[in-house]
Every structure is written in structure tokens, then in C-alpha cells.
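Visitor: So the sequences go chain by chain: A and B.
Each step along the first sequence adds one to the number in this note's numbering, with nothing skipped, and position 4 is 7.
Each step along the second sequence adds one to the number in this note's numbering, with nothing skipped, and position 70 is 73.
Each hint should be verified, as a subset may be incorrect.
To be verified - Quick list of the computed label-pair ranges, beta carbon to beta carbon: (1) A:R35 <-> B:R34: 42 to 50 Å; (2) B:S79 <-> A:L51: 43 to 51 Å; (3) A:H54 <-> B:V28: 28 to 36 Å; (4) A:E41 <-> B:P10: 33 to 41 Å; (5) B:G49 <-> A:Q76: 48 to 56 Å; (6) A:D52 <-> B:D87: 31 to 39 Å; (7) B:Q76 <-> A:S43: 22 to 30 Å; (8) B:T74 <-> A:T56: 42 to 50 Å; (9) A:L81 <-> B:S79: 50 to 58 Å; (10) B:E6 <-> A:E6: 49 to 57 Å.
Claimed, not checked - Taking beta-carbon pairs under 7 Å as the criterion, some of the chain B residues facing chain A (in silico): (11) R22; (12) P27; (13) F93; (14) A99; (15) L101; (16) G103; (17) A104.
Rather than coming from a laboratory, the hints here were simulated on the basis of the structure.
All of these numbers come straight from a predicted model, not from anything done at the bench.
Just so you know, even glycine gets a beta-carbon here, dropped at the ideal spot from N, CA and C.
There are 2 protein chains.
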Amino acid sequence: MREVTHPATGAIRLVEVLRALADPVRLEIVRRLAGTGEESCNALAGNLDVHQTTLSHHYRVLREAGVTWTTVQGRSRLVRLRHDDLDARFPGLLAAVLNGARPS
Amino acid sequence: MREVTHPATGAIRLVEVLRALADPVRLEIVRRLAGTGEESCNALAGNLDVHQTTLSHHYRVLREAGVTWTTVQGRSRLVRLRHDDLDARFPGLLAAVLNGARPS
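Okay, chain A solo, but in the shape it has when bound:
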């Protein structure tokens, strides 16, 4: 099983979080995760109309910035928002972004 690495909560940096969120596809992934809790990467891919390689890149950017947590289960990957960790580091930021990212 290939392990995936995540930054510790205290090591999550604001600039990296903003950079990770500053993309329409990643913002949409985050928005969906906020609704579903935890999702498999494959399930999330549905309707996103993005190539798998590109999507893997987006998941990595989100994970390395500390926005999401990825759990490997067999051949699939489950991904969830690090809601509490982000709130601890930057109170109100994720809520404001999710609120602003709602489809109009």
C-alpha cells in the first residue's frame, strides 16, 4: 500500500491553502466534499469533465496544502476535507470560501 503524506495541522500555511483553493476544479471538489463528508476520488470525478491525470494533480495540490485528507483503502482512495484542522488554523476561512463558492 502506497502511503500518502499530509502536512501536520500546525504546518498548514495560508498561502498554500489559498493557492489550492484558487482553481475552479479544486473549488468544486472542495464544495462537493463539504456536502458529502468523505468520497472516493473516482466518485468525485463524476461530472467534473477533467482528465484523470489532471484530477490526480488537483487532489495532490489539495492534500499537500492541508485542505484534504486522503485515506488509501485497497485500490481506492477516500478523500475528505480537513474541516477542523483548517478551522483551527484559519477560523472562518473555509466557511467563507464554501459560502462564496455556492452555485448561483
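Please build the complex by placing chain B on the supplied structure of chain A, with the hints as guidance.
Guide: Same frame as chain A, but now just chain B:
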């Protein structure tokens, strides 16, 4: 006098705001503006240790994203945060970012 353009409040897009904020120098400019209200671009340049050309680029990114408002006065430019406009579009976002951007 060369005019500068700004997006209307309703045209400010979340992804562009996040992208504009996702840079250490621009985050620092925003942090300083939050403290001073309005500043000349030249005054802001002090202590930033960034080349003037690079700084002009940063000011443009912030302005075009709708984060700052630039007023031309003679040969100088005054820049200020669009605090109310950002709050109207994305309530709580700027406050959360400013709070997270405080020097530790």
C-alpha cells in the same frame, strides 16, 4: 491621466480573489492596507524588498481581481482595500484571510 479599470462589485469572482491573495507579497500588501486604510504604491513598496516591476504586477493582479481600488493622483497612485465590496460578495472571507495572515 491614465485611468485604471476595476471590476464592478458584482463581477468580482471568488477564484480570482483567492488567486490574488495566494501570494506572500500580495498577502503582505493586503495586510498593510488593512492597517493603513489608503496608501501610495510607493509608500507600500518600502520594506517589501521587491523590484518595482514585480510590485506593479502585484498591484495589477490585486486590482483586476477586485481586491484593491487604485486612484491616480497626479503622478502617484493611491491604493486601498475594497473591504465593503469583498464583504458584500464573500462575507467573512477578507477578515478570515487577514486574521490568518497576521505575523506569528
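Visitor: Against the structure shown, which of the earlier numbered hints fail to hold, in ascending order?
Guide: 1, 7 and 15
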